[in-house]
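The task is simple: from the sequences and hints, build the whole structure.
Number of protein chains: 2
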Amino acid sequence: MILSKNNKNLIGQGMFQIKQEAESYERLHNKKLLHFEIGDSYFNSPEEVKDECIKAIQNNKTHYVSSYGLFELREAIAKNHNVDINNIIICPANFGIFATLSVVCDRGDNINYPTPGFPTYKAVAKYLGLNLAKNDFKCSISCFPNNPDGKYVYNSEKGKINIYDMAYENIIYEDFYFDIEKLNLDNDIYIHSFSKTHSMSGFRLGYVIANEEVINKIALLIETTVSCFPEFIQYAGIKALEIKNYKLKELKERRNLMFNILKKYYKVQKPTGGLYLWCECNNDKTEFKKLLRKGIVVCPGKLFGDKYYIRFCFAKSTKDINQLKEKLK
Amino acid sequence: MILSKNNKNLIGQGMFQIKQEAESYERLHNKKLLHFEIGDSYFNSPEEVKDECIKAIQNNKTHYVSSYGLFELREAIAKNHNVDINNIIICPANFGIFATLSVVCDRGDNINYPTPGFPTYKAVAKYLGLNLAKNDFKCSISCFPNNPDGKYVYNSEKGKINIYDMAYENIIYEDFYFDIEKLNLDNDIYIHSFSKTHSMSGFRLGYVIANEEVINKIALLIETTVSCFPEFIQYAGIKALEIKNYKLKELKERRNLMFNILKKYYKVQKPTGGLYLWCECNNDKTEFKKLLRKGIVVCPGKLFGDKYYIRFCFAKSTKDINQLKEKLK
Chain A
-19 MILSKNNKNL
-9 IGQGMFQIKQ
1 EAESYERLHN
11 KKLLHFEIGD
21 SYFNSPEEVK
31 DECIKAIQNN
41 KTHYVSSYGL
51 FELREAIAKN
61 HNVDINNIII
71 CPANFGIFAT
81 LSVVCDRGDN
91 INYPTPGFPT
101 YKAVAKYLGL
111 NLAKNDFKCS
121 ISCFPNNPDG
131 KYVYNSEKGK
141 INIYDMAYEN
151 IIYEDFYFDI
161 EKLNLDNDIY
171 IHSFSKTHSM
181 SGFRLGYVIA
191 NEEVINKIAL
201 LIETTVSCFP
211 EFIQYAGIKA
221 LEIKNYKLKE
231 LKERRNLMFN
241 ILKKYYKVQK
251 PTGGLYLWCE
261 CNNDKTEFKK
271 LLRKGIVVCP
281 GKLFGDKYYI
291 RFCFAKSTKD
301 INQLKEKLK
Chain B
-19 MILSKNNKNL
-9 IGQGMFQIKQ
1 EAESYERLHN
11 KKLLHFEIGD
21 SYFNSPEEVK
31 DECIKAIQNN
41 KTHYVSSYGL
51 FELREAIAKN
61 HNVDINNIII
71 CPANFGIFAT
81 LSVVCDRGDN
91 INYPTPGFPT
101 YKAVAKYLGL
111 NLAKNDFKCS
121 ISCFPNNPDG
131 KYVYNSEKGK
141 INIYDMAYEN
151 IIYEDFYFDI
161 EKLNLDNDIY
171 IHSFSKTHSM
181 SGFRLGYVIA
191 NEEVINKIAL
201 LIETTVSCFP
211 EFIQYAGIKA
221 LEIKNYKLKE
231 LKERRNLMFN
241 ILKKYYKVQK
251 PTGGLYLWCE
261 CNNDKTEFKK
271 LLRKGIVVCP
281 GKLFGDKYYI
291 RFCFAKSTKD
301 INQLKEKLK
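Here the protein sequences come in this chain order: A and B.
Its first residue numbered -19, the first sequence is counted upward by one per residue in the working numbering.
Its first residue numbered -19, the second sequence is counted upward by one per residue in the working numbering.
Simulated from the structure, these hints should not be mistaken for lab results.
Please read these numbers as outputs of a predicted model, since none were measured by experiment.
Taking lysine-lysine and the DSBU-like style, the derived pairs with C-alpha atoms no more than 30 Å apart in a straight line are:
| # | chain 1 | residue 1 | chain 2 | residue 2 |
| --- | --- | --- | --- | --- |
| 1 | B | Lys299 | B | Lys247 |
| 2 | B | Lys229 | B | Lys219 |
| 3 | B | Lys12 | A | Lys35 |
| 4 | B | Lys140 | A | Lys(-15) |
| 5 | B | Lys35 | A | Lys12 |
| 6 | A | Lys247 | A | Lys232 |
| 7 | A | Lys287 | A | Lys270 |
| 8 | A | Lys11 | A | Lys299 |
| 9 | B | Lys307 | A | Lys41 |
| 10 | A | Lys270 | A | Lys244 |
| 11 | B | Lys12 | A | Lys41 |
| 12 | B | Lys102 | A | Lys41 |
| 13 | A | Lys41 | B | Lys35 |
| 14 | A | Lys114 | B | Lys(-15) |
| 15 | B | Lys244 | B | Lys229 |
| 16 | B | Lys118 | A | Lys106 |
| 17 | B | Lys219 | A | Lys35 |
| 18 | B | Lys118 | A | Lys(-12) |
| 19 | A | Lys41 | B | Lys224 |
| 20 | B | Lys138 | A | Lys(-15) |
| 21 | B | Lys11 | A | Lys59 |
| 22 | B | Lys(-12) | A | Lys(-15) |
| 23 | B | Lys282 | B | Lys244 |
Now the structure itself:
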């Protein structure tokens, strides 16, 4: 079978490939590894959110829903952000990145995105045939706090199309400020995820705020690719917006705990937000293998665009963090 | 904001656009319409399937899962189809169509798909820049029973890439035969959906069977677009495979009931499978508007590629079907 030439432009998100391989290894050798590779909170989704999802299933909210998403969830988001319901569409945040870039750019267009940055930026750019350019770009992605380095990466330029990836916007431990009031939907696109802020990674739920033209085009792309997203999951989102349970105290404790361990082995800064410790090393591949031999799985920095780093997710159990301490000795 | 030129190639699935507009109308006028537009079973998802999903949520299966899908669900499917687990990936069937065409074809390639046929074929082809060709194509899509006309549309050719959209394969009321043993994964790709067979449209769950190279590329496309699909939903799939509750008796009753009503007004054949009555008319737009004035929502045939038809979904409550009878008088 001769596949598409464009396949060479499919690179995906390396974290998932590492997770897949690590889990295969665990099954094959019946051995548990310590997982720090994926940005998945150790904390379970809030009970109230789970209950709302369960109630929706029991109430048979198990049918097709509008490709724009559940009306009631869009309504709640519109109220929260003080925008019109027609400026909102429900989708996983990762799909939001794929969809906005697809709707905004054509093959050959230049875009600017954070480097180091979330691997999906590069993966989508490559798949859609877009070029990374730090100047003279059609649109840019900003992210704060940025994954993986926790920095405030602001790439917006006046008159350009500005995408704000706000997946971690509520995971802030020290002073930080982003004023959503300043969003100008003539040029700005805002993407939010429930995954990190509400420990809901497995729900695959988020939303995009943009002007109506962009939203309508994303709806068509949703219909083209997945028809719509699951109905009952979207009821959980309404509850999540209400409870705002970000686990900041627990996450901050873990950040501090793991920072104090890792700083003995790596040059690393304590991030003011996000879920990651971004640790300098000589070579990410060598470091990855060295850690794997100790039963520790991390992300090589190259996945984010810098091979002189490795990334640890610190949203883990204190038991796992203590085991990490022992294994590193 | 100047959007992508490729946006003009986003057409989506018209059924969702009709559903969205009809629901807006209902909210605005506080009035209920009779919905026959979307292929969504009136029946609720099986209780055992819902329970399994609820149990998974309670057990905190609410985290990231492999982009290939839940190992245990892939294992169950592999056993059912007598293929290797590496030949299976979990995704909504609609994503399966988008992904296989994306992985197999490049811009400008020719593909053959059923006309009339499921709107996603055309939507994906247009978005990816593929041309419909009845001869000299790189790959073809076959569908039996075909949506919307219930026919056996077999477009496969030896030596070409053959995609089998088997969303309705278990919704068969009379004699029918498709031998999965004949699948040759050198050339064949098989796509299954839980939506129709198990009344699970809102779960957005299905799978693709293909050779490992195709599966690995689809995994990368999943990572690029959505990261992965929801974890707890995939547990429901394991239970669905066990119970095989297709509601064929109830669906057949409704097919017969609605066929006997509609044959008085339209030239229509009784389909041997699927969920639709495909009714001849002079002009689908005029007919659509005429029915809408009576409070009845259907799908214009143009969405499927033939404007001399309208499509009714018959998987509806007997109450709705009886109301249809009254309103048509």
